[in-house]
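2 protein chains.
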Amino acid sequence: MTTAELLELVASLNARDEIDGILIQLPLPAHVDVKTVLDAILPAKDVDGLHPVNAGLLQAGRTALAPCTPAGVIEILKRSGISISGQHAVVVGRSDLVGKPAAMLLLHQNATVTICHSKTRNLGEVTRQADILVAAIGRAGFITPEMVKPGATVIDVGINRITDPTEFARFFAGNAKREAAFAKNGSTLVGDVHPRGFELAGAYTPVPGGVGLLTTAMLMANTVRAAKMRRGVFVFSSKGAE
Amino acid sequence: MTTAELLELVASLNARDEIDGILIQLPLPAHVDVKTVLDAILPAKDVDGLHPVNAGLLQAGRTALAPCTPAGVIEILKRSGISISGQHAVVVGRSDLVGKPAAMLLLHQNATVTICHSKTRNLGEVTRQADILVAAIGRAGFITPEMVKPGATVIDVGINRITDPTEFARFFAGNAKREAAFAKNGSTLVGDVHPRGFELAGAYTPVPGGVGLLTTAMLMANTVRAAKMRRGVFVFSSKGAE
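As you go down the protein sequences, you meet chains A and B in turn.
Positions 322 to 563 (our numbering) are the ones given, in order, by the first sequence.
Positions 322 to 563 (our numbering) are the ones given, in order, by the second sequence.
Treat the hints as calculated values from the structure; they're not laboratory data.
A portion of the hints provided could be inaccurate.
In silico DSS-like cross-links for lysine-lysine, where the CA-CA straight-line distance does not exceed 27 Å [stated by the list, open to error]:
1. A:Lys-356 with B:Lys-440
2. B:Lys-470 with A:Lys-440
3. A:Lys-505 with A:Lys-399
4. B:Lys-399 with B:Lys-549
5. A:Lys-399 with A:Lys-549
6. A:Lys-470 with B:Lys-440
7. A:Lys-356 with A:Lys-470
8. A:Lys-470 with A:Lys-440
9. A:Lys-399 with B:Lys-440
10. B:Lys-440 with B:Lys-399
11. B:Lys-356 with A:Lys-549
12. B:Lys-470 with B:Lys-399
13. B:Lys-356 with B:Lys-440
14. A:Lys-470 with B:Lys-470
15. A:Lys-440 with B:Lys-505
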């Protein structure tokens, strides 16, 4: 599909009253103007929470539809009884999809928030301050054990498929279950946190089976929310994800 | 004016082609629904940069119209030749008007950014890490000297009028010029940074005469920018304030 065809499709979905949520599955082919297509989604149907209107409302703590993965991070913390207020949350990664909205949602929950990225100096010194460490870089095992404060809560947003046996060994040597799976499938998933980094954590989300599951659930929650909003059941919540 | 009357006024200003910028002078009287009025401004004419659309574009690094004070902070740093990339910027205060957009603009300039607020524990420990410290709390002399790392760049966004002689003495005892002005006027202005905090700084913005002046200049810059955007000269910049 061309950009023009996608815009036409989005316009028709925007106009159909029985459609409550629209999600563009990314990545789109290189010939498509992604931002133009995403911006064309009616904010009230933007269940991915990526439209500038929704990002702006989120920044102002007036979240209508928050991006699913960051919303899932907050949900995991809350449901696990991990207090956020007054804690130092360090978010590694500054994407529009995860890093920046996660920082905003944690801030609205009264965390002190630090946002790190590829240009951050002495990254380990910064991440070791984290009571809550959110890794959203997209690099396999990037957060090594010495970057984690013992007892910290570690939320691993990364999902990286590895196929190289040397890389596999670096992460999972001695892990019989993973070795069997790798031998069978020729690949395995690893997060942005080195598996040994989890050993130091007070609590952590595994990969696979952690944040990813919540993301899908939050997408459903956003769709229900969008449906309710469009019917005037409520418009804005005063806090981030709830 | 009632909320309805203000909405009518905003709608008429939105519609008039010769009007390029609209700014609502805050605070509004308590009976007015401020958010509804602010949200009614056409984003393309929102020279204060407060509309959710503009906040969302700013968060995505697609700033059309950035809030004036944070834009002024970046402008001061750039014009003073102070490098931002890779520096640790600590923003104290998380308002929609200053703290949050300043954090986003600094992030887009590749600073590592920490946002602190009233719930932050061990605030001094955090602020002492700052290479660039932005104080936007609205409390006179709140940032004391021991909270400043020697050599740091200190940007004081606060403008607080003090009239109490004891408070005055705490900040300005021994400062002949300030004492004469205080005796004459019965009040003086102090920022969010204790005047002795500046002594440690490598560079700082004074109060009065610092960020405040830039805010007005950035408002004019935004108005010109809005006029150009509406005439299609350009639509978005790829970076924050420029």
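Against the structure, the hints come out as follows:
1. A:Lys-356 with B:Lys-440: 36 Å, violated
2. B:Lys-470 with A:Lys-440: Measuring from Cα to Cα gives roughly 21 Å; hence the hint holds.
3. A:Lys-505 with A:Lys-399: 37 Å, violated
4. B:Lys-399 with B:Lys-549: Holds, because 23 Å separates the two Cα atoms, which is no more than 27 Å.
5. A:Lys-399 with A:Lys-549: Holds, at roughly 23 Å.
6. A:Lys-470 with B:Lys-440: Answer holds: A:Lys-470 to B:Lys-440 is near 21 Å, not above 27 Å.
7. A:Lys-356 with A:Lys-470: 38 Å, violated
8. A:Lys-470 with A:Lys-440: Holds - the C-alpha atoms of A:Lys-440 and A:Lys-470 are around 21 Å apart, at most 27 Å.
9. A:Lys-399 with B:Lys-440: 18 Å, holds
10. B:Lys-440 with B:Lys-399: 31 Å, violated
11. B:Lys-356 with A:Lys-549: Holds, at roughly 22 Å.
12. B:Lys-470 with B:Lys-399: 21 Å, holds
13. B:Lys-356 with B:Lys-440: OK: B:Lys-356 and B:Lys-440 at ~25 Å, within 27 Å.
14. A:Lys-470 with B:Lys-470: 24 Å, holds
15. A:Lys-440 with B:Lys-505: 50 Å, violated
Violation of the numbered hints given earlier is confined to hints 1, 3, 7, 10 and 15; the remaining hints are satisfied by the structure.
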